[in-house]
Structures are given as C-alpha cells and as structure tokens.
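Chains as they are written, first to last, in the numbering used here: chain A, 1 to 527; chain B, 528 to 925.
Rather than coming from a laboratory, the hints here were simulated on the basis of the structure. C-beta: ideal position from N, C-alpha, C; glycine also. Hints should not be assumed to be uniformly reliable.
[Unchecked claim] From chain A, some residues computed to sit far from chain B (all C-beta separations above 10 angstroms):
| # | residue |
| --- | --- |
| 1 | ALA111 |
| 2 | ARG226 |
| 3 | ALA286 |
[To be verified] Covered, in the sense of this in silico footprint (three residues per stretch, anywhere, with C-beta under 8 angstroms from a C-beta of chain B), are these stretches of chain A:
| # | region |
| --- | --- |
| 4 | 229-235 |
| 5 | 413-419 |
What follows is the residue order along each chain.
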Amino acid sequence: MPRPGFVHHVDRSTPPTLFWRGEGFSLERLPADRSRIIYAPEPLPAIDDIDGSIRHALEHPIDDDPLSSKMFPGMKLTIAFDDVSLPLPKMRRPDIRQRIIEAVLDTAAAAGVDDVHIIAALALHRRMTEAELRHAVGDRVYDAFAPRGLLYQHDAEDPDALAYLGTTPHGEEVEINKRAAESDLLVYVNINLVAMDGGWKSTATGLASYRSLRHHHNVHTMQHSRSFMDQHRSELHKSNWRMGKVLVDSGVKVFQIETTLNTDTFPQPFDFLSKREWEWSARDRAAFVASSKSLARTPVRLARKIFHSIEAPHQMTSVQAGAVEAVHRVTTEHVYRQQLVEVQGQTDILTMGIPYICPYNVHSIMNPILVMCTGLGYFFNLYRNKPLVREGGVIIMTHPTLPDFHPVHHPSYIDFYEQVLSQTTDPKEVEKYERRFAEDDWYRHLYRTSYAYHGVHPFYMWYWGSHAMQHAGRVIIVGGDTAAVRRLGFTPASTMSDAFELASDVVGRSPTITHLHTPPLMVADVS
Amino acid sequence: MRALQVRRNPGRFGLARLAAGIDTRAAVRMGPLEYVRIDPPDLPGPDWHRVRPRLTGICGSDLATVEGHAAPYFDDWVSFPFVPGHEIVGDTDDGRRVVIEPVLGHAARGCPLPFPDAAPGDGDDYAHLVRPPLEPGIQIGFCASTGGGWASELVAHASQLHTVPDHVTDEQAVMVEPAAGGIHAALMCATKVVGVDAPVVAVLGAGTMGLCAVAGLRRYLHGVRIIVGARYPVQQRLAKALGADEVVDPAELPRAVRRAVGCHMVGDHLSGGAHATIDAVGSSASIGTSLRITRPRGRVVLLGMPAEVRLELTGLWHRETELVGAYTYGTETLPDGSRARTFDLALDTVASCELQRLVSATYPLADHVEALRHAAAAGRRGAVKIAFDLRSSQEARR
Chain A
1 MPRPGFVHHV DRSTPPTLFW RGEGFSLERL PADRSRIIYA PEPLPAIDDI DGSIRHALEH
61 PIDDDPLSSK MFPGMKLTIA FDDVSLPLPK MRRPDIRQRI IEAVLDTAAA AGVDDVHIIA
121 ALALHRRMTE AELRHAVGDR VYDAFAPRGL LYQHDAEDPD ALAYLGTTPH GEEVEINKRA
181 AESDLLVYVN INLVAMDGGW KSTATGLASY RSLRHHHNVH TMQHSRSFMD QHRSELHKSN
241 WRMGKVLVDS GVKVFQIETT LNTDTFPQPF DFLSKREWEW SARDRAAFVA SSKSLARTPV
301 RLARKIFHSI EAPHQMTSVQ AGAVEAVHRV TTEHVYRQQL VEVQGQTDIL TMGIPYICPY
361 NVHSIMNPIL VMCTGLGYFF NLYRNKPLVR EGGVIIMTHP TLPDFHPVHH PSYIDFYEQV
421 LSQTTDPKEV EKYERRFAED DWYRHLYRTS YAYHGVHPFY MWYWGSHAMQ HAGRVIIVGG
481 DTAAVRRLGF TPASTMSDAF ELASDVVGRS PTITHLHTPP LMVADVS
Chain B
528 MRALQVRRNP GRFGLARLAA GIDTRAAVRM GPLEYVRIDP PDLPGPDWHR VRPRLTGICG
588 SDLATVEGHA APYFDDWVSF PFVPGHEIVG DTDDGRRVVI EPVLGHAARG CPLPFPDAAP
648 GDGDDYAHLV RPPLEPGIQI GFCASTGGGW ASELVAHASQ LHTVPDHVTD EQAVMVEPAA
708 GGIHAALMCA TKVVGVDAPV VAVLGAGTMG LCAVAGLRRY LHGVRIIVGA RYPVQQRLAK
768 ALGADEVVDP AELPRAVRRA VGCHMVGDHL SGGAHATIDA VGSSASIGTS LRITRPRGRV
828 VLLGMPAEVR LELTGLWHRE TELVGAYTYG TETLPDGSRA RTFDLALDTV ASCELQRLVS
888 ATYPLADHVE ALRHAAAAGR RGAVKIAFDL RSSQEARR
C-alpha cells in the first residue's frame, strides 16, 4: 500500500535534504525546529489491464454515449492529443496517447470511418519532431497517417485552418482549429499530469489561436488564479470553461478522454530522487554521490542530453471518457488522490529545487525565463486554498540559471530576455511589449515552419509567475548566474546559508521554512 | 620645449606591438614614443601661427601609433619624427582661443583649393598631402613640420584655425575634432535615411567616436531610430543620454536591429536590417557584424580606424551593401540641402550636447605613461576621453 504524502518536521537528526539544481542536485541542511519538508505521496498502483480499461472507458463513457455509437461511415473524425509538454519526463513506450489513439482508431475502423485526422494540440508551443510524434502516437499510427498528411500539428497562425466560433459573455473570442471545429466528432486524448490540465483547457487552449488565448493568458487572469491546481478558484479555468460553452453552443462535439498518471517519476539509478532522504539505502547514497560527482564534471550540454533521455516509469492510474466537464471532475479526483498532501498553515520561506525540465524545454534548455516559470509559475502554484508561503514571505530556488537559450526552440525568449527584461520585470509593464512579439513576422515564420515556440510564449511564461511575484516579498536564487538572476529581478545567493541571511531582511532571523520536495509532483492542501 | 615625439624606429614599433598585448604602460616605455626636449617647429610661411595647446585629446589613432598597431598604409603619408596630438584647443600667438582642424589641406600646403571655400579635408586627390613646403603628413600630429598637440607648442595654418566662442569651455572645445568626425559619419548615413519611413541607424561601438556619431545622428538626422551596441556601462549611459533610442550590449545588437525593423534572421544575417550602420570600432568582427545587420543596398560607414582585417564579403556582394570610410570632415551637405563646414557644426554640437561630459580625465604631459594606459583601458575603467592638460604645465614650456 503506497504511503500518502508526508510533512516532515526537521529536527537535529534529519539528514540533509535533496535540492534539484538543474542538471544536478545538492544536499542542503535546513534549520532544525522551524523547517518542514513536504514529500509527495508514493506512486499509486498502475491499472493492471491498461488496454482493457481504455476500451471500457470508450464504451462506458461518463454522461455520454459509447464512442462506437457516435461513429458512422462518411463522418469526419478528428483526434487531437496533448503535445510534447506532457508528461514529464516523457514516459516509456508505449505512451498512453498511443494506446488510446489506437483504440479510438480501432473503433472508427469497425464503424467504417475513413475520414480521420490526427492533430497534435500544440497551441503556441513548438512543433514536435518526427521522433517525438512517433514516441507519442507510436510507429504504427505515425506511418499510417503522417505520410498522407493526416497526422499533423495544429497551426495557430494559419488563418485558413482556424474557425472563429463567437465570443463568451465576457467578450472572449473563441477561435480554434477549423478541422476540429467542423468535424462530426472531436476526440481529445489528454494526459492529466497535474490538476490544471484537461477539461475545456484541452480544446479551448490546445487547439486555439493567439486571438483566443490572449483572453486568459494574461497578467490579470494569472494573478487571479489561486491556484492553477484548483479549478474553482482559477480564472484561467473559468475562462476556458466559458469558451467551452461557446464550443458546445457552436455545435462542436467533443468526446473527451482523460488519463491520470502515478508519481513514479524516475527510473533507476535516479530513483533515489523520489525517496525520503532518511530512507536512502547504501545503494541510494552511492548513487547520489556517484551521479553528483560525475554530473559536476560533465559538460552542461552532455548533462542535458543525459537527463532528457530519461524515460519515466510512471503508469496510468485512471482513464475516463465522455462529456468534458463530467469526465474532468472524475479525473481531478484521481489527480488529487495521487498528489494531495495536507499541510497545516503557511511559512515565512518556501524553498524549492528547480529541476532540469519543465513543460517547455523538453529536449531543450531550461533558460532563465523558464527557471522563473517553473519555480514561480508551477511549483509555487502547487497548492490548494493558500500558498505554502505567506504573503510577503520569501521564495528561495536553487538552479544554475545560466543565460543559455535554445536558438531554435526559444528565439523570442532571447529577445524577451535582452529587450524586455532589461527594461522591466513588472508583469503589467512587460505586457505592454506583448503585441509586438506576438505579431512579429519572423517568430511567426519560425513557429510555423521550424521548431520554435510562438513569439508571445515568453510573455506567457512571465505572466505564469505573476501571482507569485505579487505574493512574495523577495525571490532568491541560490547558485544562479548572478547577472541572469538580477536580470530576472531576483536576488542571487551563493549558498543556502547566504540565502537565509538575505531572507532575514524580509522575514526576520528565525523564519519558518517549508521545502517542497518536488518532483515528484504533489499539491499541498494548505489549511 | 617638452614634447612627446614619435621617431621612425621599426624595432621599437615591433616591441611596442608585442608589449601592448600585455600592458600599455610597457608599450609606451618600450615603443617609439619619447618624452623629449625639442625646439618648437619653425613657422612654414606667412599664414602660419604658433599655437600653445590648452587641452589635447588622446585619440584611438594616437594609441594605435604608440602601441605599434598603425597600418603600413601610413608609412608614405606621414613624416618622422612627429609629435602626436590632433584634438587640440589652444591659444594662438595673436591671442585667440582656437580649435584646430588638423588636416593639412590644400591651403596649408599652398595648393589651389578643389572648390571655393573648401575645407582642409575636402578634395578628391590627396597628392598635396605629401608635397612641399611641408614634410608629408595627413594632418597635424603626423607631420614632422608642424608638431602636434602633445607638446607645449605647434604651428597651424590660418585655414585650420577656428575661433572658439566664449560660451564654449576648453573641455567642450577639445571635443570639437572628434565631434566633427562623428557628425561627418552621421551625415554620411543621410542618403539612406532621409525621406525613408521609420529609418533605423545602428551604431556599433560607443567610445568617443561612437558617442559623437550618436550625437550627430540625433542632432542632424531627425526622426531616425538609433540603436547602439555599447560594451561598458558608462558608454551605455552616455549613448542613451546623447539620444540613442535603444542601447544594448554589442552581442545583442543584431537582434535589437531585427526587432526594430521587423525582419527575419537567416543564418547569421538579417534578411533586412538597419538602413545604415556606423562601425565605430573598425575590427574584423565589427565590420562583419555591421555588414550582417545592414539591409540590402544599405550603407556601412566605417568610422573606427581599421588596420588589416579579415572579412567574408559574399554578403556584401549579394546584398549590394555600400561600405564607405569616414576619415574626417570638411564641407557637409545637410538633409535640407544646405552646406556647412563640419567644424562649425561641431562647435555648436559640443556645447548643445554638453560633450564635455565625455572628457573623463586629464593628465599633465609628464604623466603620459599613466594617461595613455588610462586611455587604452578607457571603457573598462569607466572613462571615455582622456586628454593632456597643458594649461598649467610650466614644465612643458621650459
């Protein structure tokens, strides 16, 4: 029986705690008697018969008719699936998207459906490479559909491939992929890695255009989403749900398939990263020492390659299909069952180690903007009810924060870093530069034809952290490139001790501290 | 009088070149520059005047000479021994405070002017620069007959003298010569930006010349967007203060230009680019960058003095880029079609743009080793223009 999440109160016998530092990690000793460490629940058991569960979900949907009953010859069927940003790290083959898409295709074939398109729901993310597509959908699906142009990637900048469906009562324009909107049935294949994913966000975001996305990917929405992991207190989700209603009212028929994964994140020899330090075996300690020392001597490019080659052993814990909102309610319960940790109250300081990966640097580089987004946008928001750190408290992150950018994946990030962040880090001020980046013809060209994130994407990353920036009294990065950390508007520190010293200006000499021991992912339910 | 003098000594030039890689101080001590006692130069003719410098700047070309980096090109255009120094404000023997337009032009050499009222730098045949009665020399500071500003006295022709108005300080006046160079380079961009919608000029390098070019662009080419690649904080601050719209690290300049014009980046070239680029550095790297960020059929104005450079010119050929030099100044045609002497424009500019703020430190002539060391590391040490102050140097006059 897997153990639930755990809040460990640090005392003098507590061993040093693991902190991620990008493509490396360190052990840090937290002050006794006023620090606590939050550990994720242990992985729930995987579903035994994954393919059987998928077939069962398709034929016994929630608040909807069986998938097979929706299929008929001559129909237009579109299957959309979550892109390379999920799951993290990428899962061992076969990916669950492959299993689900194959099951949907089997159902379609049995019904004589032959007009099928498969679309990677990129939104404004970079296009996936062939290898990444093959990993997600499998060779059989790829070889059957891609060569005939029937498996492709959503292009949010192709005016001929977008359909404008109307506006929400709040004036939010809804524009999504035309093929998806005009199909007799849109089957969306989702991976719910965190509670934020799924629901109407799958379609209203994953298949949308900038015209549509800008209504909820903005500073106001992000600052009023508390948190992203709590749908009912998230303006981001409310906007997507309003857009979902426009989709339904426009006649778009969505059959939603959502899945959840357990927290079995790292394979051997990296499995010690998920464990509680006092339970490390001699083999775990040896693995830590060996990997730390060897990574310290490894050129950063090689270290990135090693880490990005990791394939996670996480497995599916649930699959449900049917009506979007009903399905998502069940999915969210499954996510919480795996990830929720009860935590009593807030602390003065929140510490977190930033790992090598986030949704936007798969097979790429964790640049300074993504470091900010991972820490303040994602990890800070891993809460329900209240943030783990009190308002005006201090957030301490550990990461090298090198000013390195992937020139192919993140071209507009470089300009964002050089032009925008050199002038301001205030999200409201940053927002004033957005339109120019969003409409830059070069970025548009690279997004459509190369493997670049959309020109506006670094702005969204910055907005993602805007609630945390508003909430925290100071943000400190330990071990980061000094100039880069300052460019982000944060305070650099050489060591954790220095960081606590710097934090004392804001929270006094004996602050309470919470360390979020993630990954694996969790959601702190803060009372 | 006491003077700093350069003799023709290939061995010392070689030593200076070697030592400069380690330390400017060593290059000065081992190189061709000597602190000597010499007689003042004779007056070459009736229209010549004796000038006693008040302030004389240290220019990049002076440093190149002292550090043994001057191009062999100049071997036939200068005469030894010469006293360097051509950024001069001083007093004439008839009691005027003047700045010197240092080019030894047609009038100074007794040759017919190329056109009426031509300035010393005008003309399209430089034969006069090596003709008697003077020894060869492109300008004061590189001619054995005239002396230069790194001494307590020199001679200058009447055609080279510009009276300094009372409201212009010595520190402003010593910036007139480099300001004229910057204005000249700025106006060389005019044909590419005047009448153009949303014109963009990039300036690469923000030492004295780059900053003077920024001042010239802002003052004489209205409506142009100026983007500057400046390496050091002091340069970045001054570039902004002088009117640059955007100031970035030099490595960021290509992307800043791309953003401004909204073009693409194809490989390491911009698909479009700045309408004109002023290269105020003059190295292989800077010229290469300038060519890459200038739009097809645009113009690169080479303001920084280059020596031998290595360039890949396929882009220049393909994009039909104009690469033009900007040595000095003379008679300018302004965007409104009027004509003016660059030095007159510069005299206005130094006061209105308060270019005295570029003068970071002055030294007596006797402290020339430290002065030259400071000048060689100006940006790194938070400085721009270093000058010799001869106003109170009794020693120099002995």
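- prompt: Where does the structure disagree with the numbered hints, that is, which hint numbers, in rising order?
  reply: Hint 4 contradicted; others consistent.
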